[in-house]
Amino acid sequence: MDNRIDNPVMRQEISTDLKLQLLDQIPTPVMAVNRDFEIIYMNQVGAELLGKNRGELIGKHCYNQFHTPHCNNDRCCMRKAMTTGEMVSSRNKIPLSDGDKHIMYYAVPLKDEGGNIVGGLEYIVDISEQVSYEERLQEQSRQMSTPTIKLWDGVLVLPVIGVVDSLRAQLMMESMLNKIVETSAKVILLDIQGVAAVDTAIANHLIKITKATRLMGCECILSGISPAVAQTIIQLGIDMVDSITTKSTLSDGLAEAFRILNMKVQKIT
Amino acid sequence: MSERPGFPTESRTIVISKDTDGGYVISIARMLARKAGFNENDEFLIAAAASELATNIYRYASAGEVAIRIIRDSGNSRAGIELLASDSGPGIENVDLAMQDKYTTKKGSLGSGLPSVKRIMDEFTIYSQIGIGVKIAARKWRQHGQS
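Chains as they are written, first to last, in our numbering: chain D, 1 to 269; chain W, 1 to 147.
Since the hints were made in silico from the structure, they are not lab data.
Note that the structure is a prediction, hence the values are computed from the model and not measured.
Treat the hints with care, since some could be wrong.
[Stated by the list, open to error] No farther apart than 27 Å at their CA atoms in a straight line, the calculated lysine-lysine pairs in the DSSO-like style are these:
(1) W:Lys18 / W:Lys102
(2) D:Lys101 / W:Lys18
(3) W:Lys118 / D:Lys208
[Unchecked claim] Sample of chain W residues at the chain D side, in silico, Cβ under 10 Å:
(4) Ser11
(5) Arg12
(6) Asp21
(7) Leu45
(8) Glu52
(9) Ala61
(10) Glu65
(11) Ala98
(12) Asp101
[As the list claims (entries may be wrong)] Pulled from the structure, derived: some chain D residues nowhere near chain W, Cβ distances all over 12 Å:
(13) Thr28
(14) Glu48
(15) Leu151
(16) Gly154
(17) Met173
(18) Asp199
(19) Met216
(20) Lys247
(21) Leu250
(22) Leu261
(23) Val265
(24) Gln266
(25) Ile268
(26) Thr269
Where a beta carbon is used, it is the ideal one built from N, C-alpha and C, also for glycine.
With these hints in hand, go ahead and build the complete structure from the sequences.
Take a look at the structure:
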């Protein structure tokens with residue numbers, strides 16, 4: 001900002017009128033409601049989003065204007081903000097004539113001088129681009145997420161990285177079983193070092209995968225059990241120890257695979 | 001639940017409507033647990049608990065949401081993580097049974113979901129009403145000495 005400009009606006013706090021004008025010029029929808037969810041303020045972009053005049057929106061219930069899946073039920077962030085007194089945000093979708101608009105919205109309670117919550121203020125951020133990027137990323141990672149690799153003659157490895165959901169577990173299982181047939185593998189290493197979390201559903205998937213490979217005559221070794229994973233499995237109360245061979249590192253797993261195949265790695269002397 | 005006047009909290013709400021939403025819950029839980037100062041082991045445990053709650057919503061209620069937030073106790077001496085799961089599903093018929101290890105109403109499930117959430121977290125409350133839905137609140141506090 002150029003300090004030489006002799007403009008009183010730049011020197012002192014701006015008037016309330018000017019603040020409202022600034023709010024109007026924010027290029028993202030801003031809305032305020034009273035406790036009954038009646039609109040008491042809507043900025044220009046917000047009115048444009050709804051295709052209405054600002055004047056006709058005042059006094060109307062916000063949920064009758066936006067019609068999102070959160071409107072007029074417990075999922076509404078504005079309702080939560082007014083109940084908890086804290087900022088609440090969530091993703092949501094606004095149904096518009098040209099399809100759903102993906103948004104992130106942030107709601108804060110409005111308080112009077114006495115600190116009583118008299119309404120709420122909310123602003124909306126368009127996240128369509130982010131959502132489509134995420135979808136693309138999800139699709140890409142799904143395609144890359146199930147590489148069963150031949151590590152040695154008779155030994156396969158499948159590194160599990162990130163989140164395992166049931167679809168991915170299914171793809172992993174298929175990829176492993178097909179590769180077992182293709183390579184006549186006797187041992188497969190399922191390495192979960194890079195897994196984002198293990199819960200009972202994911203543990204259940206892993207148990208099923210090891211059982212299926214065993215049915216095909218291929219021993220499955222679960223490797224990459226970090227201290228965090230070990231602790232979680234204990235807390236989950238899952239008995240994996242007796243039914244599955246586990247190793248803390250992939251190299252320990254490979255050593256076990258060599259042992260199963262009666263092979264030995266030796267230094268050349 | 002609102003005894004934290006003036007303490008900064010960060011909160012994320014994840015809508016659960018499909019299988020893959022659980023993955024998003026895991027990422028957010030880990031991110032917020034890390035921000036709250038939990039060590040890696042606890043971060044992993046909290047993610048498991050959050051994922052468990054998300055899986056339950058998807059499996060039994062088909063839709064609902066999981067809110068994850070950083071909390072501070074009233075003395076502002078400890079930080080923690082709070083997981084709030086709510087759905088408008090059929091509700092749990094027998095909460096005491098559901099809280100037992102290995103109990104499940106679904107075939108092929110291990111049936112240790114809710115009890116393990118209780119084990120992982122320090123505080124756990126469940127409220128279920130038949131035909132209305134289930135609300136679960138669970139908190140884990142950072143132990144002293146974790147930086």
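Nearest-CB test (12 Å) between chain W and Thr28 (chain D): 20 Å, holds
Residue hint Ala98 (chain W), partner chain D, criterion CB-CB below 10 Å: Violated, about 13 Å.
Interface restraint verdict for Glu52 (chain W) against chain D (beta-carbon cut-off 10 Å): This hint holds: Glu52 (chain W) lies near chain D, its Cβ roughly 5 Å from the closest one there, short of 10 Å.
Consistency of the no-contact label for Leu250 (chain D), given chain W and a CB cut of 12 Å: Leu250 (chain D) is indeed farther than 12 Å from all Cβ atoms of chain W, at 19 Å.
Cβ separation check - Thr269 (chain D) to all of chain W, threshold 12 Å: Answer for Thr269 (chain D): holds, closest chain W Cβ roughly 41 Å.
Non-interface label on Gly154 (chain D), tested against every C-beta of chain W at 12 Å: Correct as stated: the minimum Cβ-Cβ distance to chain W is 31 Å, above 12 Å.
Leu45 (chain W) as chain D interface residue, shortest Cβ-Cβ below 10 Å: 5 Å, holds
Interface restraint verdict for Ser11 (chain W) against chain D (beta-carbon cut-off 10 Å): At about 6 Å, which falls below the 10 Å cut-off, the nearest Cβ of chain D leaves the hint on Ser11 (chain W) intact, so it holds.
Cβ separation check - Leu151 (chain D) to all of chain W, threshold 12 Å: 27 Å, holds
Interface hint outcome for Glu65 (chain W) [beta carbon to chain D under 10 Å]: Since chain D brings a Cβ to about 6 Å from Glu65 (chain W), closer than 10 Å, the hint holds.
Chain D contact restraint for Ala61 (chain W) - C-beta distance below 10 Å: 13 Å, violated
Least C-beta distance between Gln266 (chain D) and chain W, which was stated to exceed 12 Å: 37 Å, holds
Hint compliance for this structure: hints 9, 11, 18 are not met, and every other hint is.
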